[in-house]
Amino acid sequence: MVKENLVKDVVKEPYKYGFVTDIETEKIEKGLNEDIIRLISQKKEEPKFLLDFRLKAFKKWQKMDEPDWAGLGYGQIDYQDIIYYSAPKQKEKISSLDEVDPKLLETFDKLGIPLTEQKKLTNVAVDAVFDSVSIATTFREELAEHGVIFCSISEAVKNHSDLIERYLGTVVPASDNYFAALNSAVFSDGSFVYIPKGVTCPMDLSSYFRINSGDSGQFERTLIIAEESSSVSYLEGCTAPMFDTNTLHAAVVELIALDDASIKYSTVQNWYAGDEEGVGGIFNFVTKRGKCLGKRSKISWSQVETGSAITWKYPSCLLLGEESVGEFYSVALTNNLQKADTGTKMIHIGPKTKSTIVSKGISAGNSINSYRGLVKMGTKAKGSRNYSQCDSMLIGDQAAANTFPYIKSQQPNSEIEHEASTCRISEDQLFYLQSRGIEFEEAISMMVSGFCRDVFNQLPMEFAAEADKLLALKLEGSVG
Amino acid sequence: MQSQMKESYPILEVENLFASTNNLPILKGVSLTVYPGEIHAIMGRNGCGKSTLSKIIAGHPSYNITNGNIKFSGENINSLEPEERSQSGIFLGFQYPIEIPGVSNLEFLRVSTNARRKFLKKEELDTFDFEELVKEKLELVKMDQAFLSRSVNQGFSGGEKKRNEILQMALLEPKIAILDETDSGLDIDALRIVASGIKKISNTQTGIILITHYQRLLDEIEPNYVHVMADGKIIKTGGSALALELEKKGYEWTDNFVKET
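Which chain is which? The protein sequence lines are A and B, in order.
For the record, in the first sequence the residue sitting at position 342 is 342 according to the working numbering, with numbers rising by one throughout.
For the record, in the second sequence the residue sitting at position 45 is 45 according to the working numbering, with numbers rising by one throughout.
It should be emphasised that the hints constitute simulated quantities derived from the structure, not laboratory data.
Model, not experiment: these values are computed from the prediction.
For each residue, glycine too, the CB sits at the ideal point set by N, CA and C.
Please note that the accuracy of each hint is not assured.
What the hints assert, rightly or not - Simulated restraints on C-beta separations:
#  : chain 1 : residue 1 : chain 2 : residue 2 : range
1  : A       : Gln-389   : B       : Lys-249   : 53 to 63 Å
2  : B       : Lys-200   : A       : Gly-18    : 52 to 62 Å
3  : A       : Asn-123   : B       : Asn-69    : 53 to 63 Å
4  : A       : Val-20    : B       : Glu-123   : 39 to 49 Å
5  : A       : Gln-410   : B       : Asn-46    : 50 to 60 Å
6  : B       : Gly-155   : A       : Ser-161   : 57 to 67 Å
7  : A       : Asp-428   : B       : Arg-45    : 50 to 60 Å
8  : A       : Gly-75    : B       : Asn-46    : 49 to 59 Å
9  : A       : Gln-398   : B       : Lys-200   : 21 to 31 Å
10 : A       : Pro-173   : B       : Ser-157   : 54 to 64 Å
11 : B       : Glu-222   : A       : Gln-398   : 45 to 55 Å
12 : B       : Tyr-251   : A       : Glu-427   : 40 to 50 Å
13 : B       : Leu-133   : A       : Asp-454   : 23 to 33 Å
Unchecked claim - Stretches of chain A that chain B covers, calculated by requiring three or more beta carbons in the stretch to come under 8 Å of a beta carbon on chain B:
#  : region
14 : 275-283
15 : 360-366
With the hints as extra help, turn the sequences into a complete structure.
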């Protein structure tokens, strides 16, 4: 009662990544047609196979209808009103970081991702993407010594076109869905990772995506290939300035793990979520999928989704290789008028495959937070197992939480286990903690991080601490 | 002995307190003064307002004070937040301790203890120092260290929950402890453990209010005063003999007092 006002006062924690970098950019005209696609491809000096890939995807996209089955209820997106290529103006060829526009370096500095030799993070290699292009990638030489390739996907197209041609679109085909088709037609930049046979990547790899311009969409594309017996941990972070218009972010991420390889992919998504009235914010419509191609291969997704006006994504695993393992650990937090429809698909194709799903949804304010997931056991998935746990936490009495688990089994000798729960932070719990001297805000964040612990334990160390803080920040004042 | 105590200042003064929840009056003029070293027992039927009184003193947001004051160490605390009351030394032992899934008991106890220590301008304890302290206090309530790694009260038996409350009291070293039916749901052995814990923690500087239905807790901890509550008021106050009389005659006996007042 008294609390409600207090709560609303504190909720106005500003989004601290909301600044815009004032930088001269090279933008192409708005709109989407074959010429635009040719122009993008030409700007990136792409080989013919890639232009063909794009044009084919575009043709498919034109024949597709925008999906609405998730019932997310956003207004019509005018695809002709979007700029599909926007890049900060800089020298054609940059040979070292010293040649990067200081304004860009400063931007990433402000975001806590210093890139320069003196200041760069010591234990993580970073690929920094600004609007449509990759600005810089740190530790490239060090990684190259181990045979690890970590660069922007545009560079990979030029320098490792054989790998791109072989793998691009093999996990998420252009025809997969509307937004994947759009991405395949117009993708601008993103990261490329290749871990050779037997190599354990000596450090975590990270991409940081920054949307700066208000009227351009971001369509990044990430491809990670882990050869036999290799392993890599990859982190992804994202932020955007505050605009009162919605910006479309439609990314595609493809992971490929061969025999005994392991890929761990972690995301902390903090795109601008719009204001309290739901004005502005990013539409985060993303297709992420990994293919456990080899025997005993493993792909693990962990995500902390706190930003975006609408989040619509299902990082998935195709478990082909015998005894391959898929994991999905997710915390999705929505506040104010945010909507999230997220979950995973675990497609068990090979025998003795295993998957684990742990999803924690927290809804506060007037938000809607849904878990939607599919577990499928194919005819050959003998002896395969899945365990799913989907928990929802409601904060306040205006928020909604849904769980939509889809289960399809064509193999009697397989096990699927699903547990779900919903809880609400109760006034009694808050009073109990407060009556032990614990401040209101801290009491909430203690309960929320307790609720998310299973997932946070899966995140790389630095990320876990950051995620914890991020949730606390996002939730300030959300209890009424 | 009592006159000696009265030379000090009261810890808690409840002055003609009226309170309601959802516009329903619950307390209808409660007055109560507790001096350091005193033990008060409040008895009465279910629904007479005993638990409400304890929650209001601790600052529960569901109740509105419509008249009267609560003073702690001479200061009016009517508008203080529950956490501020706790930090300054008011402790409420819950009748039904709340379960908090996912939050480790150890971390909860540490954050809570440090909040109190910060208020007292004492150094906050890191995990290692705190573990030393908590192990010492576990002895008082004969609790196993395994309790520390579990979630707060989750899956605890009734007796374990109550012991966990007394453990918190031991860590927070309050100036006044209000123990709401700490004896309910305890078997004889657990009752003794809890009672001896309370006695070891309390000292000449601490005030204690025991809210109870039964004599058996008062056999273990002898109160200086016994108050009988009915219909939101204290209708009779006496020494420890009053509790014995009440035990013998039952609450029906007190119904007559209500009619008189």
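Results of checking the hints against the structure:
1. Gln-389(A) <-> Lys-249(B): 53 to 63 Å: For Gln-389(A) and Lys-249(B) the Cβ distance comes to about 56 Å; the hint holds.
2. Lys-200(B) <-> Gly-18(A): 52 to 62 Å: holds (55 Å)
3. Asn-123(A) <-> Asn-69(B): 53 to 63 Å: Holds, since Asn-123(A) and Asn-69(B) (Cβ atoms, about 58 Å apart) stay within the stated range.
4. Val-20(A) <-> Glu-123(B): 39 to 49 Å: At roughly 45 Å between Cβ atoms, Glu-123(B) and Val-20(A) fall inside 39 to 49 Å, so the hint holds.
5. Gln-410(A) <-> Asn-46(B): 50 to 60 Å: holds (58 Å)
6. Gly-155(B) <-> Ser-161(A): 57 to 67 Å: Since the Cβ atoms of Gly-155(B) and Ser-161(A) sit about 58 Å apart, the hinted range of 57 to 67 Å holds.
7. Asp-428(A) <-> Arg-45(B): 50 to 60 Å: violated (23 Å)
8. Gly-75(A) <-> Asn-46(B): 49 to 59 Å: holds (56 Å)
9. Gln-398(A) <-> Lys-200(B): 21 to 31 Å: violated (47 Å)
10. Pro-173(A) <-> Ser-157(B): 54 to 64 Å: At roughly 56 Å between Cβ atoms, Ser-157(B) and Pro-173(A) fall inside 54 to 64 Å, so the hint holds.
11. Glu-222(B) <-> Gln-398(A): 45 to 55 Å: holds (51 Å)
12. Tyr-251(B) <-> Glu-427(A): 40 to 50 Å: violated (31 Å)
13. Leu-133(B) <-> Asp-454(A): 23 to 33 Å: At 29 Å between Cβs, range holds.
14. 275-283: violated (count 0)
15. 360-366: Per the Cβ count (0), the hint is violated.
Violation of the numbered hints given earlier is confined to hints 7, 9, 12, 14 and 15; the remaining hints are satisfied by the structure.
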